[in-house]
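Visitor: Residue numbers (this note's numbering): 2 to 313.
These are computed hints drawn from the structure, not numbers from a lab. Misleading hints may appear alongside valid ones.
[What the hints assert, rightly or not] Pair ranges (Cβ atoms, derived): (1) 5 to 206: 23 to 33 Å; (2) 72 to 223: 36 to 46 Å; (3) 140 to 169: 15 to 25 Å; (4) 311 to 140: 16 to 26 Å; (5) 140 to 168: 33 to 43 Å; (6) 38 to 155: 22 to 32 Å; (7) 105 to 175: 43 to 53 Å; (8) 120 to 153: 41 to 51 Å; (9) 12 to 120: 20 to 30 Å; (10) 120 to 65: 32 to 42 Å.
The beta-carbon is built from N, C-alpha and C at its ideal position, and this holds for glycine as well.
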Amino acid sequence: MQIVKYNTSDKKRWDKFVENCKNGHFCFFRDFMEYHAQRFEDFSLLILDDNNSLLSILPANIKSTTLYSHQGLTFGGLLIDDKMTTKTMLDLFTVLKDFLKTNGIKKLVYKCIPYIYHTKPSEEDRYAFFRNDAKIIRRDVTSALDFTEEIKYSKGRKWTVNKASKNHLTFEQSYDLVSYWTLLEEVLKTHHKTKPTHSLNEIQKLSLLFPDNIKLFIATQKNTLLAGALIYEYKNIIYTQYLANSPEGRECGALDFILDTLIKKVYFNKRYFNFGISNENDGQFLNIGLIAQKEGFGARAVVNDVYEMEIL
């Protein structure tokens with residue numbers, strides 16, 4: 002087994018592995034990872050078996066003497082396929098630690114891929130971290146619906162959805178990212194004193210690169226934009242990357258109308274619908290109002306763990 006740094010000549014090989022691995026996502030394709038390449042010093046790794054075949058890949062960046070499983074991604078650890086066994090993962094960690102030490106890296110900070118993104122069980126890495134005395138330094142809570150179970154809304158969500166149905170709203174897929182980004186930026190600035198992770202130019206570029214994965218759905222009334230949901234879609238999971246509701250939209254339940262339509266009519270044949278995290282301050286602060294809305298749709302907790310492992 003050996004480890005080598007990713008090179009641009011590895012792009013085709015890398016992307017093919019992402020496509021076929023059992024815990025992948027389109028955000029691990031190189032075209033997605035490199036939209037913000039200028040912000041991070043890439044230090045992605047390819048792990049090869051004794052036959053020089055890809056055994057695993059690690060999207061990563063380096064900062065000083067710390068390696069991060071890429072800071073530009075919501076999550077992303079070791080991507081693996083069916084060849085990976087628990088014993089092989091333990092051997093991989095031995096080789097990985099030696100490689101990192103040789104390269105002057107003293108610490109690995111690693112964001113696990115939540116199980117809802119696995120097409121098959123893929124938590125060999127978690128056991129390896131336990132065996133190597135790593136510690137959990139952060140735990141985010143995300144909220145997800147499992148479509149194999151009956152979806153039950155709270156009374157409050159039922160009421161808002163019913164209210165929206167009486168307001169003659171129109172649901173549609175939209176390609177007008179400019180208008181939506183104006184609404185999104187205003188909502189985030191007003192209510193959260195923040196701004197979108199992606200600039201308008203970045204999301205426009207990504208949506209052109211991944212038109213089957215990045216989709217915008219909106220609610221309008223008399224051609225006026227009231228609310229929207231930018232969705233990341235991949236295989237059996239849907240992720241609400243950005244949600245926004247105008248003041249007028251909140252009055253008539255526009256965002257709940259969109260989510261209800263997505264859940265019941267657009268994506269009912271998927272496995273999971275992930276609403277995203279509801280905490281701040283490295284997981285220590287829970288936004289009660291935000292998570293209550295998601296749980297009102299029947300979503301329940303899935304944790305995103307971050308490990309830290311000293312390289313001794």
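Visitor: Each hint: holds or not?
Guide: Results for each hint:
| no. | hint | result |
| --- | --- | --- |
| 1 | 5 to 206: 23 to 33 Å | 29 Å, holds |
| 2 | 72 to 223: 36 to 46 Å | 43 Å, holds |
| 3 | 140 to 169: 15 to 25 Å | 43 Å, violated |
| 4 | 311 to 140: 16 to 26 Å | 19 Å, holds |
| 5 | 140 to 168: 33 to 43 Å | 39 Å, holds |
| 6 | 38 to 155: 22 to 32 Å | 43 Å, violated |
| 7 | 105 to 175: 43 to 53 Å | 48 Å, holds |
| 8 | 120 to 153: 41 to 51 Å | 26 Å, violated |
| 9 | 12 to 120: 20 to 30 Å | 23 Å, holds |
| 10 | 120 to 65: 32 to 42 Å | 35 Å, holds |
Consistency note: the structure conflicts with the earlier hints numbered 3, 6, 8.
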